[in-house]
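*Asks:* One letter stands for each residue in the lines below.
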Amino acid sequence: MIPASPEDRRLHAALYVLGLLDETETAEARRHAESDAGFAAEIAGWQARLAPLARTVDHEAPPDDLWPAIAAATRPADAGADPAAPPAAVTAPRGGRSRRAFAILSLAASLLVGVLAGLGIAVLTDAPEPEALVAVLVPPDQPGQPGYIVRVDAERNVVLQRLGDAPATDGGAIEFWTLADPALGPSSLGLVEASAQRYEAVLEGDAAPGRLFELTLEPAGGSPTGRPTGPVLYIGRAVSVD
Amino acid sequence: MDQTRDTSHSTQTLAALIAGCARRDQAALQAIYERYASLMLGIARRLTGRAEQARDIVQEAFIDLWRNAEAFDPALGSAEAWLLSLVRYRALNQNRANGRALRLANAVEVESGAAAGTTAALDRLGDDRLADAIALRDCLDRLAEDRRAMVVQAYLDGHTHDDLARAFARPLGTVKTQIRAALRALQECLG
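Quick note, the sequences are listed as chains A and B, same order. Position one of the first sequence corresponds to residue 1 (our numbering), numbered consecutively onward. Position one of the second sequence corresponds to residue 1001 (our numbering), numbered consecutively onward.
To be clear, the hints were calculated from the coordinates, so they are not data collected in a lab. It is possible that some hints are incorrect.
Said to hold, decoys possible - Covered by chain B, per the in silico footprint, the following chain A stretches (three or more residues, Cβ under 8 angstroms):
#1 39-48
#2 64-73
#3 157-171
#4 216-229
Stated by the list, open to error - No more than 25 angstroms apart at the CA atoms, straight line, and that leaves these computed lysine to aspartate or glutamate pairs for DMTMM-like:
#5 B:1176 with A:23
#6 B:1176 with A:193
#7 B:1176 with A:7
#8 B:1176 with A:28
In this text the structure is predicted, and so the values were computed from the model without any measurement. Here a beta-carbon is modelled for each residue, glycine too, at the ideal position from N, C-alpha and C.
Here chain B stands alone, though its shape is the one from the complex (with noise of 0.2 angstroms):
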């Protein structure tokens, strides 16, 4: 392995990362592979709920990545967030395509291990110093617990409406109600 070129890359920032891979630097690509590929792996798995489909999922994300990398603009927002959304979208979008008929078979232990996990989000937020993870927080924290816990239900387990009317027991136009209710406090509490 070439050293130097490891070491260079190993202190950039992840925007500079993704401008190299927009230069087709493929050491800069595998200098996020070994930053982030552990954790955008484990967003796939908890979103879909199936290894394999995770590990597929994440090779594609990279290779949009690279394909993609110019389309990342720096005064949008965050590189990180950026990064991630692209396995996010994927998963999601996979979600959709298997009518989430395997995932979903047994409702009672994804609601429950949902639930569990919900708890253990907001622990580690709670962990995290980031200035951005404190702000979300503190956010989260102001709305009632049932919203609170859709609102993470969704971003993290993937949870569609439906599934959300059916953890919480109440109609669907119910959980739209108060989902919107949650994100438009959300809004307004973070700016």
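Excised from the complex, chain A in its bound form (with noise of 0.2 angstroms):
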């Protein structure tokens, strides 16, 4: 229940910010602010007023993927051949765990953002998008070179497109798998052909982002144990488009 009076109103509006309102409450909160301008301006004035504390925490540097990943999923529809660039460097002005400068990123991050352009994927964009979940998969020791891309639906329908070349498998067979926690470990999504570009399957649990996406390299007929045996071929973490 939002307070009536303007004093309780205000602390109400401190308590959201803090983060000291429950699950419902919040969620209440946020609502409010939606309809209710003066209990907007409340929130946003304690954010303002608090905002100085945020400035003091150590700064962390970001990692190589994460702008490529952001990229990837605001790039803009009607946007030419002409990729984003990278950051050209990402400092870390405080804090003495991460005060170094990052590195320039690789020009495969340009290329993961024009691949998914050319094939007209266009993880996000103004239209509203039916996809609750976007992975996009690279190998683990090339996260520039996107090699698939997951979609997961509403109703937690999955397609896995790839994007490159066929992965080559010797013999052995592509694994599809997913983790949502880890305490439950990977479950498999099935076998996908290597010169499959589309594969669809149904995801089992809730859609959140987070949850990880891979393909494995497993002996012919797949995993033996149920989990993961062979190496990564290609790795991603959903995020919402919601």
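Put the two chains together into one complex; each comes in its own frame, and the hints tell you how they fit.
*Replies:* Written as structure tokens, this is what we have:
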């Protein structure tokens, strides 16, 4: 319940900004702010008052694959052939753990964006998107070389689409896995023909952001154990596009 | 890289860059990333205590920014506060979803770390010469030490009322009352 008195509403906004409301109260406050400009202003006021505290936090070096993933997910639908350039450098000016500047990201990052756009796969655009989750799968040692894209819709239908050349299997089989909870371990989504451009499956469990997808090279016929046994060919983590 | 584009974006205010995102200018988003990604990652890491989750939270926050840039209203407050709130609320939601079980597996370690982190945060706030930081530090200084620490740990470490009650060895109701009193005092001081 959003309090009625101005003083209590101001306090409620402060508790929201601090993160001290529970899940139900937080959702209610967020909804209320959408229709009550006064309450939204109270929240914005507390965000501004407390923001200097956020600036005191140790900066952390972003991993090299972070900007390429963001760029791929935000590629404008009407962009031309000129791929988005990688950031020149992201500096971490404060914090003993993270003062170093970061190297220029690989041009492969641009390639990732260009490949997706070239295939007409605008992962996120202004238009409504039917997918609940998207993951770009890359080789573990070549994060700028997208091999597959995974799209999961709101009904948990999974579409795996190959972007590059068919991977070499040397007589083995490619198995498609997903991992939602490390405590439960990965579960198989089936065997994928190396030559296949597209493969479909249905997800069990929640289609939540953070879910891992990977393709491993297994013996012919698939993993004998029900868990990945061979090398990871491609891997990626799903992000929400809600 | 298009140097002309990058130079023009590097001199723009954050509010102007957010407006650029609303016009679907990806270079504006990239300029924000270059300026703020490391801080946003630090905030998410501190709130969740987990590097892998922090990375995903920042990725989603930038996608949020891209999709909802038009929702930013400069009349309602600072662009920086708005931007940082995107990552804070995502991290807080993640903590709620996790039940914080993993993060608080070793409560003693977490609490002693939070106390040290509070001291460091207040020292750094004192070094920040921007007007909003000076005002906040001045008003936090007027609070009793324990109440000041409760506010800082809730904001920076994502501590809940239960966490604070355990950390300060006080009944839950007492902590709730003290936090509210601290916020009222801050409101009065900061205006």
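*Asks:* Look at each hint and say if it fits the structure.
*Replies:* Tested hints:
1. Look at the stretch 39-48 of chain A against chain B: 6 of its residues bring a Cβ nearer than 8 angstroms to a Cβ of that chain, three or more, so the hint holds.
2. With 6 residues having a beta carbon nearer than 8 angstroms to a beta carbon of chain B, the stretch 64-73 of chain A meets the requirement of three or more and the stated coverage holds.
3. As drawn, the stretch 157-171 of chain A meets chain B at 0 residues by the rule of a beta-carbon pair under 8 angstroms; below three, the given contact is violated.
4. With 0 residues bearing a CB less than 8 angstroms from a CB of chain B, the stretch 216-229 of chain A misses the requirement of three and the coverage assertion fails.
5. The straight-line distance between the Cα atoms of residue 1176 of chain B and residue 23 of chain A is roughly 17 angstroms, inside the 25 angstroms bound, and the hint therefore holds.
6. For the given pair, residue 1176 of chain B sits about 58 angstroms from residue 193 of chain A by alpha-carbon distance, which is inconsistent with the 25 angstroms threshold.
7. Pair hint residue 1176 of chain B plus residue 7 of chain A holds up; C-alpha atoms about 16 angstroms apart against a cutoff of 25 angstroms.
8. In summary, the hint linking residue 1176 of chain B to residue 28 of chain A is supported, as the alpha carbons are separated by about 20 angstroms, within the 25 angstroms threshold.
The earlier numbered hints that this structure contradicts are 3, 4, 6.
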